[in-house]
Each structure stands twice: as structure tokens, then as C-alpha cells.
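Student: Letter by letter, the chains look like this.
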Amino acid sequence: MFESLSRRDMLRYSSLSLLAPSLSGWFGPLAARASETKAKSKSCILLWMDGGPSHKDTFDMKPGTKDGGEYKPIDTNVPGIQISEHFPKLAGLMNHAAILRGMSTGEGAHGRAKVYLHTGYKEGVGGLVYPSLGAIASKELGKADFPLPNFVTVGNRSYGAGFLGPKHQPISVADAARGVESLKALVGDGQFDRRVGLLEEMETGFHKQTGASSANDHRTTYQRAVRLMQSKEAQAFDLSREPAANRTKYGTGKFADGCLLARRLVEVGVPFVEVNLGGWDTHQNNFERVKQLSGQVDSPMSALITDLKERGLLDSTLVVWMGEFGRTPKINTRGDKPGRDHYPKAWSSVLVGGGIKGGQVIGKTDTEGAAVIERPINVLDFMATVCKALGIDSNKQNESSIGRPIRIVDKGANAVKELF
Amino acid sequence: MIRALTLSVMLVAAGGLFAADPPKPKVDAAKKAKREARLKAQADAKAKEEAAAKVNAEAETKARSEAAAKEKDLAAARAKSAAERKAKNPPDHRSLTKKIDIAIYQKLVDEKIPASPRADDDEFLRRVYLDLIGVVPPADKAEAFLDNKDAQKRAKLIDELLDSQNFGRHMADIWDNLLFQRVTDNRAIQREPLTTWLQDKFNADISWDSMVTQLLTANGSQEDNGATTYFLASLTADKMVDSATRLFMGVKMECAQCHNHPFTGWKQNEYWGMAAFFMNVRIQGNTKNNKNGGMPEVMETSRGKQKNLPESAKNVPAKFFQGTEPKIGGAESRRPLFAKWLATPENKFFSRAFANRVWGQLFGAGIVNPIDDMHEERTPSHPELLAELAKQFATSGFDVKFLFRALCNSEAYQRTSRPIAGNEQDATLFSHMYVKSFTPEQLYDSLTTVLGPVAGNNKERMKDNTKRGPVTVRDQFVAFFDPGEGTKITDYDAGIPQALRLMNHPFTATKSVAVARAVTRGLPVESALEKLYLATLSRRPTAEEVSKRLAYIGKCTTPEEAYGDILWALVNCSEFTLNH
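Chain order of the listed sequences is A and B.
In this text, residue positions in the first sequence follow this note's numbering: the first is 405, and each later residue adds one.
In this text, residue positions in the second sequence follow this note's numbering: the first is 36, and each later residue adds one.
Incorrect hints may appear among the rest.
[Stated by the list, open to error] Residues from chain B shown here face chain A by an in silico Cβ test under 7 Å; the list is partial:
#1 Ser199
#2 Gln200
#3 Phe215
#4 Thr219
#5 Asp277
#6 Gly530
#7 Pro532
#8 His540
#9 Thr545
#10 Val554
#11 Gly557
#12 Asp600
Think of the hints as simulated: they come from the structure by calculation, not from any bench.
Quick reminder that beta carbons are idealized off the backbone N, C-alpha and C, glycines included.
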């Protein structure tokens with residue numbers, strides 16, 4: 405096994421990683437190539453706002469109304485579009501973004517809503533575990549011979565491959581600054597190479613005896629893991645290789661690191677990266693917390709969009725900002741620092757790049773932000789929209805583990821045509 | 036790198052020693068007085084501590100002797116039940132074993148497919164350990180078995196493993212995963228009470244019909260009765276029906292929840308007729324979080340309506356699947372009626388489902404596949420054999436171990452997994468043993484058998500634990516390697532993250548070095564290699580392997596370093612990770 409990676413190759417890669425002077429050496433040409441080829445397949449970065457962000461305090465402001473909240477709206481670089489004052493940098497990039505203000509999704513419990521918004525299917529329907537968007541993208545856009553995993557999650561558990569199987573399971577990075585768990589050998593390079601050679605002998609011997617497909621799959625999986633360890637693409641996981649000046653643009657914190665990692669991964673060709681920012685479940689102390697959370701989003705997300713733009717990757721990379729639902733239009737009465745509760749009936753998500761028509765708001769809620777009065781978007785529509793932007797045929801049927809054909813997005817979905 | 040790690044371990048140990056050093060004497064008089072006061076206080080505290088320690092020690096001794104007494108009682112109870120079983124004339128498995136071999140062999144002859152020869156002792160040993168108690172044999176057991184000349188040693192080993200407490204543990208791992216629905220709404224429900232309950236029942240030889248009846252009819256909290264976990268984790272009547280029909284009848288009804296079944300002609304009304312047996316069950320308390328302490332309870336009442344049913348729910352009278360509508364009194368509880376209809380020799384689904392599942396668990400493929408979707412369109416590979424297995428399992432009084440004993444003693448089960456010319460493509464007729472992947476539990480238990488415990492929380496979860504998710508190291512490992520539902524037992528399902536962890540976690544990458552050093556200490560090279568192979572692959576290395584490994588040892592600075600590398604490769608290789 406590992407014949408694809410000879411001993412000499414390994415040595416070359418190890419020395420390469422030792423000598424590699426800066427990322428510009430090999431990132432530069434890659435980025436240039438990406439901008440040349442228009443037909444590059446799409447990527448997606450999902451910025452998951454865990455807990456459900458308050459739409460009225462972020463992208464669907466209702467100034468001057470009862471329970472409109474404490475923040476002021478500010479103008480953006482698109483005339484007529486206003487967003488929260490706590491997104492000053494994003495305000496300058498709204499020409500790339502579309503705000504969907506008519507999200508209406510019907511699941512108000514965190515667990516079930518997260519499954520629904522990640523997979524497009526209600527939890528447990530038909531006794532199946534459905535694949536999340538990342539796994540779908542891995543299957544439809546990923547390359548089998550790619551040394552990196554086609555689906556990476558950063559910062560929290562995500563929703564996995566379901567019936568699409570372990571090949572599309574995400575590799576998850578708990579802390580972007582620390583990279584992929586267990587990616588580095590704990591023994592020296594020479595000893596690791598020797599060990600892998602030894603393993604190779606054993607694997608070949610056993611497979612020859614049994615001819616079992618499981619033995620072959622085991623071998624392939626180990627090959628891919630070793631290849632990942634040795635591949636130059638894996639350097640994308642190493643944030644210390646990012647020039648300091650560029651890193652500063654993203655700001656500090658786990659979410660900032662996650663956004664930077666997402667850009668680095670998309671740059672080398674990973675089709676789907678999910679970055680998690682928790683804390684949006686603001687039943688209490690909504691206004692201090694949403695302000696603080698918005699601050700955590702503004703710099704990294706803006707730096708991400710700008711970086712993608714500068715590298716010619718924005719048109720091929722869809723950035724999605726969303727949580728599992730919005731929050732109640734009414735401010736609750738929990739203690740002296742009240743908050744807002746779960747609200748799936750009317751809320752907002754934001755799409756940026758990926759070739760969509762930016763600079764627009766789609767959908768409208770009433771004066772209280774309580775009901776969608778124009779252009780409602782349900783979960784199916786939303787999933788179909790993301791698929792369309794990524795060039796995935798949402799009507800395609802994949803086989804479940806029991807051989808039942810399941811549509812990527814269930815019947816009855818209408819992609820938001822205003823975006824295309 | 037290893038040296039650095041060893042060093043840090045030593046430093047930690049040294050830190051412990053330094054902390055125990057007495058404080059240095061001070062000269063200043065005021066300080067001296069202060070110091071004396073402090074010393075006195077310390078001495079008092081020490082005395083108090085010692086007294087407390089004494090009390091603790093007494094309590095511990097008492098607890099230990101109580102535990103020992105309890106263990107003795109248990110052992111006595113076990114011996115008694117074993118004796119009773121013997122006195123009752125336990126069903127003789129041999130006629131069934133013979134029927135298995137005739138049926139399998141006849142079909143191979145009919146289809147002109149050659150059968151692979153009998154597995155060698157080492158292959159059989161490893162397989163039967165993994166299949167019956169979920170773990171590879173320790174090196175010394177392997178060695179003893181291989182050197183044992185007793186002609187009956189295989190049958191004796193099967194009996195020994197079936198009598199081991201780890202049989203119940205392994206079965207509990209399997210059934211806990213099947214019975215516990217993985218959704219977010221039951222996250223406050225603990226798995227432990229169910230696992231323990233299952234383990235105890237399997238080990239106490241409780242018959243399958245009795246276990247299923249208890250699972251289906253249990254009331255109260257998890258603390259009262261671990262079997263209530265089944266409903267608590269299933270949450271609603273429809274999920275209960277999906278699960279119970281699939282697991283205990285080998286029938287997948289869930290398609291009929293929203294529409295008539297596409298292949299079988301099962302009607303939506305039949306589905307809801309079955310669900311009606313569970314419509315009066317209520318869960319009192321919160322299954323999503325346990326912030327408020329109280330444990331959720333299962334109870335039966337006709338008051339109110341069950342919550343969270345799907346939109347397609349139909350209110351129809353209770354009716355048995357492909358059967359009658361039972362007469363139900365107003366206050367009569369319905370679940371016992373269902374259990375009574377299901378768990379009997381007369382119910383053609385019940386014994387067939389279990390027989391097919393156990394067959395699939397041991398052979399890597401069912402006689403009908405998928406093993407839990409046995410509707411009429413799916414032709415069994417050996418219909419008469421399946422009928423015979425079901426019949427004899429029912430006649431045995433649904434004796435679980437009887438079924439395992441009959442299957443494991445067959446030549447079919449004891450065939451090698453190495454295909455021979457002409458049977459390589461066979462995946463349904465059992466011409467050779469199909470290679471199975473380890474479950475995460477088998478992998479964890481086998482790794483720790485070889486390498487010792489993993490650092491971290493190895494204790495069982497506390498009873499009143501309010502933490503969610505995996506708590507012990509084993510739970511965490513299992514969650515990380517979980518292949519998800521509906522995966523085939525013959526597929527290797529782990530991905531890159533799992534391979535990275537197995538290669539580069541300190542447990543395998545560096546602890547293997549220390550373990551290899553310990554088990555090979557003082558041994559000549561050939562014996563050392565043999566030891567490493569017995570500990571991991573439960574066999575002795577071949578002459579070719581010995582010469583290759585000797586060449587490898589020659590490349591390393593010391594044989595010790597090479598042993599570490601070899602052990603690392605052995606626990607990472609597919610022969611270790613697959614049950615063959």
C-alpha cells in the first residue's frame with residue numbers, strides 16, 4: 405500500500421515542508437490558477453450562528469417600533485439597505501451580499517431546527533439519518549483523489565454524512581489555531597516512514613489472503629490519511645503560515661481563526677467548510693450579547709469576503725451566514741436584562757458571493773418583524789437555493805443505505821430566482 | 036519525541052515527590068510561634084483526617100465485604116441457575132448444528148460452489164472471542180488454546196465464553212445501540228440503565244420472549260427499571276412501532292406511516308393500528324434536559340393525548356399486524372396485549388427475526404438481507420434453514436445461548452474466511468466466513484486489552500450525572516468511531532480522522548513502545564515477536580513474517596525500538612481491525 409507515495413516522495417514532502425519559505429511560494433500559483441479558470445467548481449463556507457441570531461438586531465432592523473431593540477441601523481454601500489450598527493465593516497460589502505428576510509421554517513427547538521436547516525429534512529422522517537449540506541457538497545463537488553477531506557467543520561460538532569456514509573463525514577477541527585487533531589506523527593519523520601512501510605507489508609499480506617473489500621477499504625483509508633499528513637495541501641490547516649498582516653485583518657478569537665482557516669481550505673480546493681460561532685441563544689441579556697457577538701462576526705466575515713474577492717475566489721465561493729431560527733419580535737420579561745426567545749416564523753439569513761446577484765434584500769417582514777409579508781422562503785426553498793448557487797442539482801436522487809432513492813432536496817422546493 | 040514524552044511523565048512524577056517534602060524551618064521567634072500554631076493545627080487536621088480515613092477505611096472494608104458477599108450471592112445464584120438449567124435438561128443444540136451444516140453444504144453443492152476448509156485454531160479462537168464477548172483474547176489465553184490438545188476444545192471454549200459475564204456486556208453493546216433512538220429530543224435520557232439492564236438479563240439467561248415483553252411493557256423511571264429506557268428514548272407511539280416491528284419482527288413498517296407500503300401492500304391503517312397499542316403511554320417529565328432534577332417516567336393512561344405525533348397520525352382501533360382486532364376493556368392497558376401477541380412461538384415473525392439477526396451477527400450476512408427488512412419480496416438464501424432455526428429457537432423456550440451455541444459449533448461458522456478458487460465471489464451462501472468490521476466497542480476493548488487502559492475517565496457514568504453526551508473514555512471513543520445507523524457489518528466504515536487518531540494518538544503512537552518493551556523484556560528475538568503477534572492477532576507469526584520482521588529489526592538502532600514499531604503496525608493493520 406501507499407504505492408502512490410513512494411519513500412522518496414515522502415522524503416521530498418518532508419523536506420519541502422521544512423524548507424517551504426512562505427505560503428506565497430505555492431499558494432500564489434494556486435490562487436492565480438483559480439482565478440484563471442472560470443469553470444472552477446464551487447465551494448461553500450457556512451458561517452453557522454449557533455443558537456439562532458435575533459433577526460431584528462442584525463439584518464432586519466425595525467427602528468422606532470415597540471420592541472425594536474436598542475441598536476441603530478446604519479446605511480450600507482447599497483443605497484436603501486440598512487443593517488445593524490454593529491456590522492460597520494460588513495456594511496461596506498453589501499454589494500456582494502443578499503439578505504433573505506423572509507426565512508420561515510417552522511421548527512422552534514434547537515436540536516430539531518439545526519437538523520432541519522442542515523439537511524433540509526425533519527429529524528427522523530422515514531427512519532433515515534439525512535446528510536447535511538456539507539456532506540452533500542462533498543459528494544457532489546468533492547474529488548475522490550483529493551488529499552484533503554472534502555468537508556471540514558471548525559469549532560463545534562456538525563451534522564454528518566448520514567446515509568451518504570463515512571467517506572463524506574467531515575473532518576472536524578476543534579480549534580482552528582491548533583489545526584487537525586492527530587495530523588502530526590508523534591515520532592520522528594524517519595521512524596514514521598519506517599512504521600508506515602511496515603504497516604504496508606502487513607496490509608498487503610492480509611489483503612492477498614482474504615481479498616475482502618473491507619481490507620481494501622482499510623488500506624485506502626490509511627493511504628489517504630498518510631497522504632493528508634504528508635501533502636502540501638495539509639499546510640492549509642496551519643494558520644501560522646499565514647502572513648501576520650493578513651491574519652490581523654481577521655481579528656482574534658476562535659471564530660476569526662475559523663474564517664481564516666476556511667479561506668485557506670477553499671483556496672486549496674476544499675468544497676465545503678463550516679465554521680461555528682455559538683452563543684446566539686440570547687433568552688437573557690440579548691442586547692449586550694448580540695452586540696458582542698456581532699463584533700465577533702464583523703471583522704472576520706468582512707476579511708473573508710475581501711480576501712476571497714482579492715484572490716478571485718468570491719464568484720466561486722458561496723458564503724452563508726445563518727442560524728437555526730430567528731428570535732421573538734417581542735422582548736421577553738426575564739429579569740432585568742431581558743432577551744428574545746426562539747422564533748422560526750420569520751427571520752433572516754445572508755448569502756454572499758458564489759455568483760449570486762448581490763446588493764439586494766429579498767423578502768420582507770411586517771413592522772414588528774413577526775411575520776413574512778413578502779417572498780417567504782421555507783427550508784426546502786432555501787436548500788434548493790444554496791444547491792443552485794453551488795451548481796448542485798437539488799432534484800438528484802441519492803440512494804439511502806437501504807437502497808431507497810432520496811432527493812437531495814425534497815419535492816416542492818423552489819430556488820430563490822431573484823438571486824440568479 | 037518519545038524521549039521527551041517519557042521525560043515529561045517523569046517530571047510529573049517528580050512533582051508529586053517534591054510536594055511531599057516538609058517545609059523548611061524558620062528562625063524568627065514570632066514566625067516560630069506562628070509556625071507552631073500552624074503545625075498544631077496541621078497535626079489536629081491530620082488527626083481528624085486519620086480518624087476520617089479510619090472511618091472511610093472501615094466503611095470501605097464493609098462495602099468491600101458486602102460487595103464480596105453480594106458477588107458470592109450472585110455467583111451462588113448463577114451456579115444455582117446453571118444447575119437448574121442443567122436439571123431442566125437444557126435444549127441440546129447438536130441436532131440444530133447438524134441441520135445447519137447439512138443445509139449450508141447442500142446448497143453449495145447445488146450451486147456448484149466449493150466450501151473453504153475449516154479455520155485453523157487461531158482464526159477460530161479470535162473470531163469466537165470477538166463474536167461472543169466482543170474482544171480479542173489476551174496473549175496468554177491465545178497461547179494456552181493453541182497449545183491445548185483437547186479435541187473438544189472449541190466446543191468447550193464456546194461454552195466458557197457464553198458463560199462469561201462479558202457475553203452479556205457484548206450483547207448489551209449491540210442491543211443498546213439498536214434500542215436507543217439517536218435523536219436530540221431524548222438527550223436527557225441516559226443509556227447506562229438500559230445497558231446494565233440488558234447485560235444482566237443476557238447474563239442471567241432470561242429468555243428472549245421475556246426480555247422483549249419487559250422492554251415493551253416497562254413503566255416508571257430509569258432508576259426503577261432500566262427497561263423503561265426503551266420507550267423513553269423512543270418518545271412516541273410511531274417511533275416505538277417502527278423500532279419494535281423492525282427489531283423484534285424483522286419488518287420495516289415505517290414507510291406505511293405516511294402512505295401505503297410500496298412493495299408489500301401494507302396499509303397506512305395497519306401501521307396506525309399497531310401504533311394504537313402504544314397510544315396510551317405517556318412520558319411524565321422532560322426528556323430533553325434534566326436541569327430540574329426529576330427523572331422522566333413512563334406511565335400508561337387513557338387521559339389526554341400523546342404529544343409530538345406526526346401529522347400523518349391516524350386514530351384507529353388497535354389491530355395486530357396481519358391479524359385481528361383484540362377486544363380491549365376501557366381501562367385495560369394495551370402493551371401487554373401486544374407483547375403477548377408478539378413474543379410467542381405462534382407469532383411467525385418473532386423467532387425468525389431474532390434467528391436471522393443472530394445469524395447475520397455471526398456470519399456477516401443474514402439468511403434474509405437486510406436482516407431487519409424481511410418482507411416477502413426478499414428471498415431467503417436458505418428458507419428451510421431459517422424456518423428450522425426459528426422453530427428450534429422457539430422450542431428451546433427462546434433460549435438465546437442455545438441459538439449461539441448451535442451456530443458457533445457448526446462447521447459453517449468454523450470455516451476459514453480465506454476464499455478458495457471458485458468461491459471468491461460468494462457473498463450469500465456461506466462458502467467461507469465473511470470478514471466483518473469491528474464495532475467501535477470491539478475496537479476499543481481490543482485495543483485496551485493489548486495496550487492497557489487509556490488515560491482519562493474510565494469509570495462508569497455516575498447515576499445522577501447531568502452531563503450530556505459521552506462521558507467515559509470508552510463512550511468518547513465509541514462516539515468518534517460510530518459508523519452511524521444502517522451500515523453493513525462487512526463494510527469498513529472508518530474515515531481519515533479515525534485513521535489519524537489510530538496512528539498518531541499517544542495511546543498507539545507512544546504507549547505501544549512502552550507496552551512492547553514490557554512484554555518482550557528479556558526474551559530472545561523470535562519469542563518476542565511471537566509474543567507481539569499472539570497479543571494482537573492471536574496467532575504466531577509465519578516463517579516469512581519472522582524473516583521480514585528480523586530484517587526490520589536489523590534496520591533499527593535497537594530491537595526495543597523495532598518492537599514498538601511492530602506493535603504500532605500490528606494494532607493499526609487490517610488483520611487486527613477486522614474480524615475474520
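Student: None of the hints should be skipped; say for each whether it holds.
Tutor: Going through the hints against the structure:
Because the smallest distance between the Cβ of Ser199 (chain B) and any Cβ of chain A comes to about 27 Å, over 7 Å, the interface hint for this residue is violated. With its C-beta approaching chain A no nearer than about 30 Å, Gln200 (chain B) sits outside the 7 Å limit, and its interface hint is violated. For Phe215 (chain B), the interface hint is violated, the least distance from its beta-carbon to any beta-carbon of chain A being 13 Å, above 7 Å. Restraint check, Thr219 (chain B) versus chain A: the minimum CB separation of about 3 Å is within 7 Å; hint holds.
At its closest, the beta carbon of Asp277 (chain B) sits 6 Å from a beta carbon of chain A; the interface hint therefore holds under the 7 Å criterion. For the restraint placing Gly530 (chain B) at the interface with chain A, the shortest Cβ-Cβ distance is roughly 4 Å, inside the 7 Å limit, so the hint holds. For Pro532 (chain B), the shortest C-beta to C-beta distance to chain A is roughly 5 Å, which falls under 7 Å, so the interface hint holds. The closest approach between the C-beta of His540 (chain B) and any C-beta of chain A is roughly 6 Å, which is under the 7 Å cut-off, so the hint is satisfied.
With a least beta-carbon distance of about 6 Å to chain A, the hint placing Thr545 (chain B) at the interface is held under the 7 Å criterion. Annotation: Val554 (chain B) was flagged as interfacial toward chain A, and the flag is violated, the nearest CB pair being 18 Å apart, outside 7 Å. The closest approach between the C-beta of Gly557 (chain B) and any C-beta of chain A is roughly 24 Å, which is over the 7 Å cut-off, so the hint fails. A cut of 7 Å between beta carbons decides the hint on Asp600 (chain B): the least distance to chain A is about 5 Å, and the hint holds.
When held up to the earlier numbered hints, the structure conflicts with 1, 2, 3, 10, 11 and fits the remainder.
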